[in-house]
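As a plain string of letters, each chain reads:
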Amino acid sequence: MYMNRIFRLSKIVFLAVILLGINSHRLLAQDHEEGGHDDHTEAHHGEAGAHEDGEHVAEFDPANTAFHHISDQNVYSLGFADIPLPCFFYSKSDGWNVFMSSKFGIGHHGNGHYAVDGYVLVESIARRINDESFPKGKIELGEHPYVFEYVTVDGKEKEKVSLSYEGKLYPLENKSTLDGGLMGGGLTSFYDFSPTKNVVSLLLMVLLLFFVFRKIARRYNEDAYRAPKGIQSFMEPIFIFIQDEVAKPFLGHRWQKFLPFLMCLFFLILALNLYGQIPFFGNANVTGNLTFTMALALVTFFVVNLNGKKDYWMHVLWMPGVPVFVKPILTVVEILGLFIKPLTLMLRLAANLTAGHMIIVIFVSLLFIFNDAGQNMIGSVPGLALSVPLTMFMMALELLVALVQAFVFTILTASYIGAAIEEHH
Amino acid sequence: MTGSIAAIGAAIAVIGAGIGIGWIGGKAMESIARQPEAVNDIRSNMILMAALVEGAALIAILLSFFA
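So the protein sequences, as listed, match chains A and B.
The working numbering puts the first residue of the first sequence at 562, with every later residue one more than the last.
The working numbering puts the first residue of the second sequence at 613, with every later residue one more than the last.
The following block holds chain A by itself, in its conformation from the complex (with noise of 0.2 Å):
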């Protein structure tokens, strides 16, 4: 029994080690093929981060691999092929700019060998070129023509993309994002609207859980009390675990009106967490994904503040059972922390993910510091030793963190919804 398993994991552990193997020679290969060229400043910003350039080596830069995969992007990228993604970008001067992102001619590390319509591919990313000199329409790009560079804003580091293109240096713009600024984001020349790889995941997922639920719920219209089959009696117990565990005991009497929305949240958020688990599938990091997380808890914010009882709301805006002094402070608190809750639900979510995705990276990336990023074969073998127990020991503990965090998220939408509806006894 116990040698069955071990000889099991034995295997698993060996695909492993083969897999990074397979992966860092085609690395390795990479670097040869783009020997020779002279542009370094790109060099250390790659996936592999490993180019050659004549004398010059670049470093791997470990931080900021993790930081592109966790990204979202506007390619769907399985490590071996790029799924190009439809592109809906609309920017003030151009309108409406709509095609496949294949039209870029996606290469290595994601970065696109064509301009299209003002807007090129860098790692993935469309950014614009907003320069209304620069011709439109499909333009071929030269080699390596995305210049890094880190410029000091305000007191902070910030990163700054341009395109050399015929000798002139054209600044890129990322996409708006509706943070104001505060995640270094900002309003650009251009929206992206796009079905991202984030987006393309959740729609997956989506359909998944729609199919699956579908079957299920068939088979209990037909007979409830017939003995579960197939992927429902995986469902079942967990459904039943929430139901009892959470629904139940936080919401009274009237969980059952209540009970569709955590589920839904429930399988939504463990779906999508155990997707972006998959090796080698895109690892997409919709969980981890602020905007997204953003979402549901505005979600939670409304269906609990809605549902409000006066007991609520009296609690809320002057707290029974106190002195009279106090009252004015507590209702100070108490609506801060009306949209603190929310909040707290839409960081721990995605600051527990993200950091799931890039400790994962991080030591897979070990791998690539041990070999000085493919020069050095024999440092791969500690790098192994080191990367490929510490990344299944992660791994392990990341299934373990995809359930508690959409259990989390559940328990603590229930507690808050039943906060709400609590009446007085």
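If you're looking for bench data, these hints aren't it; they were derived computationally from the structure.
Bear in mind that the values here come from a model prediction, so they are computed numbers and not experimental data.
You can trust all of the hints, since none of them are fake.
Here are some, though not all, of the chain A residues that point toward chain B, as calculated from beta-carbon distances under 10 Å: (1) 806; (2) 908; (3) 965; (4) 972.
Negatives, chain A to chain B, calculated, CB over 12 Å: (5) 666; (6) 749; (7) 867; (8) 920.
For every residue, glycine included, the Cβ atom is placed at its ideal position computed from N, Cα and C.
Dock chain B against the given chain A, drawing on the hints supplied.
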């Protein structure tokens, strides 16, 4: 070395949350040992409390990003 003070702040927040969550987990283990039949109630309350403590640390870390 910009931003290093903010990093220290984040680290202090994480220490506080770590002590808190450790305390919650230890107390939950104790209570489960005392009353094994209440394990389900204790577990969900433990996770809820740990999540609330974690929230404070997350806000601190976020503030350290913006600082």
